[in-house]
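Top to bottom, those sequences are chains A and B. Going by UniProt numbering, the first sequence opens with residue 1, and the numbers climb by one from there. Going by UniProt numbering, the second sequence opens with residue 1, and the numbers climb by one from there.
Simulated from the structure, these hints should not be mistaken for lab results. A few of these clues could be false.
One side only, chain B facing chain A, incomplete, derived with CB under 7 Å [unchecked claim]:
1) Gly-110
2) Arg-114
3) Thr-132
4) Pro-202
5) Val-203
The calculated EDC-like cross-link candidates involving lysine to aspartate or glutamate, where the alpha carbons are at most 20 Å apart (straight line), are [what the hints assert, rightly or not]:
6) B:Lys-35 to B:Glu-24
7) B:Lys-88 to A:Glu-310
8) B:Lys-88 to A:Asp-313
Cβ atoms here follow ideal geometry from the backbone N, Cα and C, with glycine treated the same way.
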Amino acid sequence: MSKILIRGAKVLGGEAQDVLIDGATVAAVGTGLSDEGARVIEAQGQILLPGLVDLHTHLREPGREDSETVLTGTRAAASGGYTAVFAMANTFPVADTAGVVEQVYRLGKESGYCDVQPIGAVTVGLEGKKLAELGAMHDSAAGVTVFSDDGKCVDDAVIMRRALEYVKAFGGVVAQHAQEPRLTEGAQMNEGVVSAELGLGGWPAVAEESVIARDVLLAEHVGSRVHICHLSTAGSVEIVRWAKSRGIDVTAEVTPHHLLLTDEMVRSYNPVYKVNPPLRTERDVLALREALADGTIDIVATDHAPHPHEDKDCEWAAAAMGMVGLETALSVVQQTMVETGLLDWAQVADRMSFAPARIGRAQGHGRPVSAGEPANLTLVDPAYRGVVDPAGFASRSRNTPYEGRELPGRVTHTFLRGRATVVDGKLA
Amino acid sequence: MMRHLISAADLTRDEAVRILDTAEEMARVADRPIKKLPALRGRTVCNLFFEDSTRTRISFEAAEKRLSADVINFAAKGSSVSKGESLKDTAQTLEAMGVDAVVIRHGASGAPYRLATSGWIDAPVINAGDGTHQHPTQALLDAFTMRRRLVGRDAGIGQDLAGRRITIVGDVLHSRVARSNVDLLHTLGAEVTLVAPPTLVPVGVETWPCEVSYDLDSTLAKSDAIMMLRVQRERMNAAFFPTEREYSRRYGLDGDRMAKMPGHAIVMHPGPMVRGMEITAEVADSDRCTVIEQVANGVSIRMAVLYLLLGGNESDAPNPRTEEK
Chain A
1 MSKILIRGAK VLGGEAQDVL IDGATVAAVG TGLSDEGARV IEAQGQILLP
51 GLVDLHTHLR EPGREDSETV LTGTRAAASG GYTAVFAMAN TFPVADTAGV
101 VEQVYRLGKE SGYCDVQPIG AVTVGLEGKK LAELGAMHDS AAGVTVFSDD
151 GKCVDDAVIM RRALEYVKAF GGVVAQHAQE PRLTEGAQMN EGVVSAELGL
201 GGWPAVAEES VIARDVLLAE HVGSRVHICH LSTAGSVEIV RWAKSRGIDV
251 TAEVTPHHLL LTDEMVRSYN PVYKVNPPLR TERDVLALRE ALADGTIDIV
301 ATDHAPHPHE DKDCEWAAAA MGMVGLETAL SVVQQTMVET GLLDWAQVAD
351 RMSFAPARIG RAQGHGRPVS AGEPANLTLV DPAYRGVVDP AGFASRSRNT
401 PYEGRELPGR VTHTFLRGRA TVVDGKLA
Chain B
1 MMRHLISAAD LTRDEAVRIL DTAEEMARVA DRPIKKLPAL RGRTVCNLFF
51 EDSTRTRISF EAAEKRLSAD VINFAAKGSS VSKGESLKDT AQTLEAMGVD
101 AVVIRHGASG APYRLATSGW IDAPVINAGD GTHQHPTQAL LDAFTMRRRL
151 VGRDAGIGQD LAGRRITIVG DVLHSRVARS NVDLLHTLGA EVTLVAPPTL
201 VPVGVETWPC EVSYDLDSTL AKSDAIMMLR VQRERMNAAF FPTEREYSRR
251 YGLDGDRMAK MPGHAIVMHP GPMVRGMEIT AEVADSDRCT VIEQVANGVS
301 IRMAVLYLLL GGNESDAPNP RTEEK
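Assemble the whole structure, with the sequences as input and the hints as a guide.
Spelled out as structure tokens, the structure:
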């Protein structure tokens, strides 16, 4: 049966409508659509969104298959309502050649749960010294359009300038992990009141803000577009707002955890809260929410960073940085942005699907829910309330900061080109 | 009493005074021909040192032996932070061996807290210094030294340090001693002033219960005690201050400065001292300098802490682990 009728869902949070999927395509959107020959999904009260797109995912394969693989990562993505993810380049080997990005791309195709668009490294080995073969990665089967040394900052101003200029030739974008390296030597958490008390090395906000300021000016100077990864401070928001007002072609992302959690969590010394950039203050969190609402921050990206248990079950200083996020992102956005009245569901669709697909030039994703479009769709039950239990995660790793926390909303169905990858909240 | 001693901030005023009072009793043991109490006979205490510290380890070991505990010394230098799991593994090994208390020194801030709260181990944990976070027994021995000198050995029993003015000078940023002392001295009613170049004061210090000054000279006349912190020479290469000489001129304690202190005021140092830079020999060797007393008092304080945490008084210091046995 290739026809599916989703009956009575609120499309992008609007009026309840029926959506008929035929094969890989949305065949019709309307009311009272015939269910003849179709499997029917009763979706009253649920929200139908375009399949979510994550511009910032760590799939760990190749190299750290003990943390995650393309298969387990894309299963996690489907569970979270995603139909496309951009896989960061900091694998082993680094995704800095056509060969590696094609491998990741192929593994994504084989997984079948979610489209995987590899991100290419900006510099060879993420070392910040020499440009990687950006053109070859773009020309490869993977068709790379986003380049990032994420995990490390492209801190050399000349290398950053050249990368920004170079990718213009094929419409690429450089996604910057903004972290001034000298200012963050030995950094363990946000620098401020809590770090002073805990005696943990501080990661000052200015280390992020100074790089963003430099990069938007570079982007302006050479007429390129730049994307800022995981903005985490109120000051970064101000700089991006200023840059946009000046007409600079900058886009920015925020992670779900920076919309919800603060550095107060670190008082537990539990490394599950150790992440880069670090959790900031309440004031930063509120500024990030406002900026996502008013469009200064364009998108939500998960920075899904799976780590095996042993890399977190240790003392803080020895622990790896990062949190898993694919399976909880939409719930956190619902809690922090929708239930606070800052965003409606149509705007959630923009921040989590349309805009990230546009920034990353993802083909066939982030499309309107209308006839003739690819049937990449996500159905959400916003009334659901549940306690996060990482034992049920599809991700291979369990390093979630939300364990035991109640979060709203649940992805009930995900469709990738008309094929259900999630049915009734379970992987198909 | 509390179950673990992780941070000086965890102690109430009454708990802290009780430790100081108990330490006075313990100090009397040191005056006896046979310096030993049977209090912890049959108990095993492990000194788990992931970071070198001969002075602190020996002090704990002396305290443990004077209380008749069986002592295991475990030096795991360097093996930890490179692969953090070893802390958990080590803890569980000790647990399996039936250790009754763990004294831990670790280069990573928060490691003792993790050890005490992660379910890796059931025994009481005593923090013997973690990263740049806390060193609570150092703060207690400092407070003990101040109480003896400023209030009196016998007059001090039951007393705190209300109204005493304590100045802590030097590398506050990297100092677990400074953090612990600010917390404990505030709890004990003292007024604390931190003095350091701005580069060696942590961002966020404004929430601490103390004053901050960049000028040593202006604090001398109103200090009942001046505590000098050690400045590690590698800080110079990291541009925290221009030169050793400039640091010494602005923040070093010499005879001229000591002369500006009130007559009763004491000079303290957690040791080891960098003579000539942070403190001159003239000051270090004067009878106002309490460095040697601090070392002796450290043993008494650690005896008191071990005694109280390990059920020296079973009636109000229950230790579930020992009751199970």
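Going back to the hint list, which numbers does this structure go against? none
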